[in-house]
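Using the sequences plus the hints, can you model the full thing?
One line per chain: the protein sequences are A and B, in this order. For what it's worth, this note's numbering labels the leading residue of the first sequence as 171, then goes sequentially. For what it's worth, this note's numbering labels the leading residue of the second sequence as 10, then goes sequentially.
Worth flagging that the hints you see were computed from the coordinates, not collected in a lab. Keep in mind that this is a model prediction, so the values were computed, not measured. Any given hint could turn out to be false.
Pair by pair, the computed Cβ-Cβ distance ranges are [unchecked claim]:
1) P130/B with K273/A: 37 to 45 Å
2) K223/A with I491/B: 37 to 45 Å
3) K53/B with E330/A: 16 to 24 Å
4) K245/A with Y494/B: 44 to 52 Å
5) E330/A with C609/B: 29 to 37 Å
6) E187/A with I204/B: 51 to 59 Å
7) E330/A with Y494/B: 37 to 45 Å
8) K142/B with N309/A: 33 to 41 Å
Beta carbons: idealized from backbone N, C-alpha and C, even for Gly.
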Amino acid sequence: MDIEEINVEEKIGPVGEILKEEDGKLSVLIHFLQIIQSEEGYLPGDSLAKLSKRLGFPLSEIYGVASFYKQFNFKPRGKKVVRVCMGTACYVRGAENVLSGLKEEFDIKEGETTEDLRITLETVGCVGCCGLAPVATVNDAVFGEIVSKKVDKLIKSIKE
Amino acid sequence: MERINSIAKLKNLRIRLKENISNTDRNRVRVCCGTACSAQGSHKIVQAFEEESSLKGIGIEVVKTGCQGLCQKGPVMGVEPYGYFYQKVSYERVKEIISKTLSAGVPVRRLLYRESAADDPIEKMDELPFYKKQVRIVLRNNGFIDPCNIYHYIAAGGYAALEKVLSSMTPEQVLEEVKRSNLRGRGGAGFLTGIKWEYAKKAHGKLKFVVANGDEGDPGAFMDRSLMEGDPHSLLEGMLICAYAINARYGFIYVRHEYPLAVKNLTTAIKQAEKLGLLGGNILGTGFSFLVDIRQGAGAFVCGEETALMRSIEGYRGMPTPRPPFPATEGLWGNPTVINNVETLAQVSYIILKGADHYRSIGTEKSPGTKVFALTGKVVNTGLIEVPMGITLKEIIYDIGGGIRNNRRFKAVQTGGPSGGCLSEEHLYLPIDFESLADVGSMMGSGGIVVMDEDNCMVDIAKFFLSFTQKESCGKCPPCRIGTYQMLEILEKITSGNGEEGDIERLEKIGNLVKSGSLCGLGQTAPNPVLSTIKYFRDEYEEHIKDKYCRAKVCKGLGVYRIDGSECFSCGLCKRACVFDAVKETKEGFYIDRDCCTKCKACYLVCPIGAVKIGGRLIPWVVPEQCEGCSDCVHACAVQGLKMYETGNEGIFIPWLSDPDACVSCGKCAAVCCSGGIVLTTHVEEAKQRFLTKRPKGLVAEDEKKKCRLGMTDSNDFTLAESERYQKDKYTIDKKGG
Numbered sequence: 171m172d173i174e175e176i177n178v179e180e181k182i183g184p185v186g187e188i189l190k191e192e193d194g195k196l197s198v199l200i201h202f203l204q205i206i207q208s209e210e211g212y213l214p215g216d217s218l219a220k221l222s223k224r225l226g227f228p229l230s231e232i233y234g235v236a237s238f239y240k241q242f243n244f245k246p247r248g249k250k251v252v253r254v255c256m257g258t259a260c261y262v263r264g265a266e267n268v269l270s271g272l273k274e275e276f277d278i279k280e281g282e283t284t285e286d287l288r289i290t291l292e293t294v295g296c297v298g299c300c301g302l303a304p305v306a307t308v309n310d311a312v313f314g315e316i317v318s319k320k321v322d323k324l325i326k327s328i329k330e
Numbered sequence: 010m011e012r013i014n015s016i017a018k019l020k021n022l023r024i025r026l027k028e029n030i031s032n033t034d035r036n037r038v039r040v041c042c043g044t045a046c047s048a049q050g051s052h053k054i055v056q057a058f059e060e061e062s063s064l065k066g067i068g069i070e071v072v073k074t075g076c077q078g079l080c081q082k083g084p085v086m087g088v089e090p091y092g093y094f095y096q097k098v099s100y101e102r103v104k105e106i107i108s109k110t111l112s113a114g115v116p117v118r119r120l121l122y123r124e125s126a127a128d129d130p131i132e133k134m135d136e137l138p139f140y141k142k143q144v145r146i147v148l149r150n151n152g153f154i155d156p157c158n159i160y161h162y163i164a165a166g167g168y169a170a171l172e173k174v175l176s177s178m179t180p181e182q183v184l185e186e187v188k189r190s191n192l193r194g195r196g197g198a199g200f201l202t203g204i205k206w207e208y209a210k211k212a213h214g215k216l217k218f219v220v221a222n223g224d225e226g227d228p229g230a231f232m233d234r235s236l237m238e239g240d241p242h243s244l245l246e247g248m249l250i251c252a253y254a255i256n257a258r259y260g261f262i263y264v265r266h267e268y269p270l271a272v273k274n275l276t277t278a279i280k281q282a283e284k285l286g287l288l289g290g291n292i293l294g295t296g297f298s299f300l301v302d303i304r305q306g307a308g309a310f311v312c313g314e315e316t317a318l319m320r321s322i323e324g325y326r327g328m329p330t331p332r333p334p335f336p337a338t339e340g341l342w343g344n345p346t347v348i349n350n351v352e353t354l355a356q357v358s359y360i361i362l363k364g365a366d367h368y369r370s371i372g373t374e375k376s377p378g379t380k381v382f383a384l385t386g387k388v389v390n391t392g393l394i395e396v397p398m399g400i401t402l403k404e405i406i407y408d409i410g411g412g413i414r415n416n417r418r419f420k421a422v423q424t425g426g427p428s429g430g431c432l433s434e435e436h437l438y439l440p441i442d443f444e445s446l447a448d449v450g451s452m453m454g455s456g457g458i459v460v461m462d463e464d465n466c467m468v469d470i471a472k473f474f475l476s477f478t479q480k481e482s483c484g485k486c487p488p489c490r491i492g493t494y495q496m497l498e499i500l501e502k503i504t505s506g507n508g509e510e511g512d513i514e515r516l517e518k519i520g521n522l523v524k525s526g527s528l529c530g531l532g533q534t535a536p537n538p539v540l541s542t543i544k545y546f547r548d549e550y551e552e553h554i555k556d557k558y559c560r561a562k563v564c565k566g567l568g569v570y571r572i573d574g575s576e577c578f579s580c581g582l583c584k585r586a587c588v589f590d591a592v593k594e595t596k597e598g599f600y601i602d603r604d605c606c607t608k609c610k611a612c613y614l615v616c617p618i619g620a621v622k623i624g625g626r627l628i629p630w631v632v633p634e635q636c637e638g639c640s641d642c643v644h645a646c647a648v649q650g651l652k653m654y655e656t657g658n659e660g661i662f663i664p665w666l667s668d669p670d671a672c673v674s675c676g677k678c679a680a681v682c683c684s685g686g687i688v689l690t691t692h693v694e695e696a697k698q699r700f701l702t703k704r705p706k707g708l709v710a711e712d713e714k715k716k717c718r719l720g721m722t723d724s725n726d727f728t729l730a731e732s733e734r735y736q737k738d739k740y741t742i743d744k745k746g747g
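So this is what it looks like as structure tokens:
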């Protein structure tokens, strides 16, 4: 994505009128990090360097903010991001078994990506489908009620 | 969409829309498109309805609503004009619904809700036990209107409160009304909203902000999400009224990025409201202006805390700052800022419309109004519920939730997410409000209720919540950062079977330190799950530590594994599942070799009929006729509980436990024994009885132990035959189970 062309002023919005320029730019930093992440899948170093130039903040400061939030990754991620919900409801209904099943199958730990960049395994606080617990999402699709027999089914659909 | 530039025009528009949208004699289906129902295919149903209606030329209006609440039975839908409520609908049933219900007015019986297979089906939504006890104020439009259509909201009486405020109330009157209503913040702490607004109003500063806190990070909570997805305009209206009362010009809605649908619906809502002139400059021609923007959180739980949330909006690392100064006096960029939970703001328009007195008549005196809960866990009907404050947990769990799944026994209920606590059976009749929950060591939190049955281990649950807060601790305050880590280590130790005496006390001590030494709500409440489980389920902790046994059979590495020979049908799955070769096969069947078993639970999980049993603690069993009297076991004993006693035969000594309760089941005695004179048994009670009642007469003095010599005993205290019987039992336990 072309960082030179992002429209900082538009995102800051009308509140920009009342803020100092620096405050305004800082307030949209997270938003642009999110945009880069959604387009590239992670935060590549050179994009961050460009962003630092564009907004006029030191790169260290940008890394400081980005590394605080869980959403941001500094390493490329897999094509399919599998998120196992570890919310309370899923946990009490056996999400641990789902996670360990997936870990075993793909031989990666949570937060890791397979070497061929196909699958990233993550855990997530709550997807908000507690009625369907235990739940996992593959990219945006939600798989619900994954009892132990359904783990194999989930693995199959991930592999497809 | 035409801009509305006066209050009278909005009134006219509502009257027109009501005739059009709210009349109930048309063919209309309201399909729930909340997250849970969407995951189960409600979009396919919508599509099928649209296709069928155009194909057959029947006019059917399909309304894609937000969460209707009964997530367990999704996808759910309502059919008008008959008012039937269908559950577990699939797209294949759409044709049937059209031909039976919409054309002939007959309900599709198999889609109606039934309490059990033998009960009569229930036709109407209000008659369902799940909805009967609910009072829906915040969720009044959820599941009824299309969240992406502002006209639906206006037709349902939306923006009428704004109308009233702008036309007939001064900001002071609005503030007074909210104060009088005693509305308390629904985010968890329960601070009085009116007071907060007043502080911000009185604070100096030409600019003021209103922030809606939608950073709902608690695992097991989805109230704010459902509200923002299903009725975004009620949030906007609440923000507008707040802005009018405190004279703010700018507002932010802070939403988790994990809620893409909420972000989408809110964005649509803001755009539509701006187009209609209900947001932006010169609202409804009154000169009042208010601008709202959305900020997405980036996955940090601590940002739900107000000072951290402000730091995050400003673009910094989301770390809390000390209070005072409170946000109401010094908030975003140093300007007075009101930060309210999404649910709190959604209550405001109702209060303005119906009046503070009416609002106070709902709920309890100190906590008026209703609260939305996400009811999850082991209840029959999970979902989103709204109940008046003061309702008991029993009513929520048994009347609304329909009781515990699979007829299991209720064990505990967790309220307030990672900041709350676990309550036990004795609290089932507790009327819920902010104070009563805090008094028993839990809290309202943002409103997650997770029900647990006897299959849940309370130590494990405490560990689960603590590992969450430990990960989410921002690291600013050492007591929170290091304390939670240490507490988690102790819990790990306990659940893996290495708990020690004193661990519970240590947990309590560190927990109290973390509570008192942290800046923000996260640290101050992080130890709650641990402290409350210790308070109400201390015996379970003790069982883990002393008996090395987890009664819920959740914790790995605890308990004694055996195969029940009377149940086992020798399928061999356990043998295949065991990677340590601990499951051995004999002519008589399978047994578990305890020396090899690592208690990984693989066999227990794989057994199709539950013949693998996890038992309680082990205790030594002395076999006098095998004992050589070497006293190695006495030296090995971890608690120095074993002593050498002289038997009825002079000069023949055997080891004996004088206080069997002191035994920690470490198993060292049996491990060092080379003759089989002391073994471990699961028959704890019998062994204890034997130790207490059949103790040999003479205790050998320290220096006389060396005199012990080899030899069999034929003491009168325990006959050979009796010992043989227990040995046989022991053999049966080990080799066959039983």
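Outcome of the hint check:
1. Distance hint check: the CB atoms of P130/B and K273/A are about 44 Å apart, consistent with the given range 37 to 45 Å.
2. A hinted range of 37 to 45 Å for the beta carbons of K223/A and I491/B is consistent with their spacing of about 38 Å.
3. Range check, K53/B to E330/A: Cβ separation about 20 Å, and the 16 to 24 Å hint holds.
4. Take K245/A and Y494/B: their Cβ atoms lie about 25 Å apart, and the range 44 to 52 Å is violated.
5. For E330/A and C609/B, the Cβ-Cβ distance of about 31 Å falls inside the hinted range of 29 to 37 Å, so the restraint holds.
6. Distance hint for E187/A and I204/B: a CB-CB separation of about 31 Å, inconsistent with the stated range 51 to 59 Å.
7. For the pair E330/A and Y494/B, the beta carbons lie near 40 Å from each other, so the given range of 37 to 45 Å is met.
8. Here the CB-CB span from K142/B to N309/A is close to 39 Å, well matched to the stated 33 to 41 Å.
Hint compliance for this structure: hints 4, 6 are broken, all remaining hints hold.
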